[in-house]
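Given next are the chains, with one letter for each unit.
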Amino acid sequence: MTSVVKGGIGAMLIAMLAWTTEGAAQNVPGSCPAPRTIYTFTDSSSLQALPGAPPPFCRFANLSGGQQVDLFLGAFSAASPIVQANIDVLTSLLPLQVGKTAHLARVGSGDRSRQTTVQIEKQETIEVPVGRLACFVLLWTEPSGQGKWERRWWYCPSLEYAVKYTAQFEVVGAGGQPLSSQPTSWELMGVRVP
Amino acid sequence: MARSRAIIVACSILLSGCASIFEGTTQQISVNTTPAGARCTFWKNGGLIADIPSTPGAVTIRKSKDDLFIVCDKPGYVSASFVNRSGLAMATFANILTAGLAWAVDSSRGADNKYQGEVNLALVPAATPAPVEQPRAAPAPTAPEPVPQPRAGTPAPAQVPVAAPAPQQIECTASDGSRIRVAGSGCPAGWAVAR
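Each protein sequence line maps, in turn, to chains F and U.
One point on numbering: in the numbering used here, the residue at position 5 of the first sequence is 5, and numbering is uninterrupted.
One point on numbering: in the numbering used here, the residue at position 154 of the second sequence is 154, and numbering is uninterrupted.
Hint data in this document are derived by calculation from the structure and do not stem from the laboratory.
Mixed in with the good hints, there may be bad ones.
[What the hints assert, rightly or not] Reference listing, derived: stretches of chain U covered by chain F, where coverage requires no fewer than 3 residues with Cβ under 8 Å from a Cβ of chain F:
1. 67-76
2. 185-195
[To be verified] Taking CB as the label site, the calculated pair distances span:
3. U:Gly37 <-> F:Pro81: 25 to 31 Å
4. U:Glu171 <-> F:Ala85: 41 to 47 Å
5. F:Gln115 <-> U:Leu48: 27 to 33 Å
Beta carbons: idealized from backbone N, C-alpha and C, even for Gly.
Same shape as in the complex, but just chain F (with noise of 0.2 Å):
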């Protein structure tokens, strides 16, 4: 019995450090989720993985609204106007790493006071409803308003996908104190392979 514990608490330090020594590893610029996997969210959107994005992009289609979204990390869509104007900078965030961080530059904006930051916050294995993984915590921090907002993605590389998102807006008030909107969350809550 003390044999199998200890052999079970061997094999989670071996697949822990792998983790930490490897995890960056699997990250690589093109690597993406097998055309056809679909995986569905808390939410009850479903997305599926397509072939045909240019790198560092994976492509999906997303089967709640039908429309095609090409996204960095599970997260940064090719379509948005920062994300284009800044994907050298955010494609150096690889091999994640946890304390690489990413000014983006704002279209139209040189105040640095307001400067769109992401950050490789940590690692960290979460549960979620498909099971536990292992996943780099990005944090995406935008200034807005009087204000700012705070959204993290929860990118395993292992899926090639954000596994959980959760979003608030924090605003410091009249009275000093501060405001914060009710958090936004998703998880991912199934995944399906062709």
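Go by the hints and put chain U onto chain F.
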């Protein structure tokens, strides 16, 4: 007292623009979104004070010096927020998600309201799965159902089995210690069937 006198003097000079001061302590704020059907919540001093279940709609709120923070959500669209600055004609609203867009709007009717009386928000379709507001008391997650809803039309009943067989579930592991359940022909590339 001195402030009231100053207001009266200012009104007598300008002959307009001060009506709201004498209109009481509450104010109606209407919210329109494009598309309609968004849920909007109103926040002040960190607390939820009102909500519109489905836009277009309006709420009556108490005027104060505190800023009003409005968040609108609609499934399939990016959450949008609006900071209604107390006493200011200018307001900003922000949009999130991959578009990374933030822009200011000024649809204020002027300084006759403590807050901007009409808020118009354009919701941007979500490029990634739409962030939807989680219920405050969410039920415990049910067993994952990885089968997407079919989009094609339903075949004629005579050709459809009464109950489709449940898809095969496979337990898969990855070298980084990840472990998931998938449906389909096997594990994703780079994964192995769990023993």
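Hint-by-hint comparison with the structure:
| no. | hint | result |
| --- | --- | --- |
| 1 | 67-76 | holds (count 6) |
| 2 | 185-195 | holds (count 7) |
| 3 | U:Gly37 <-> F:Pro81: 25 to 31 Å | 27 Å, holds |
| 4 | U:Glu171 <-> F:Ala85: 41 to 47 Å | 43 Å, holds |
| 5 | F:Gln115 <-> U:Leu48: 27 to 33 Å | 31 Å, holds |
Every hint, counting from the list given before, is met by this structure.
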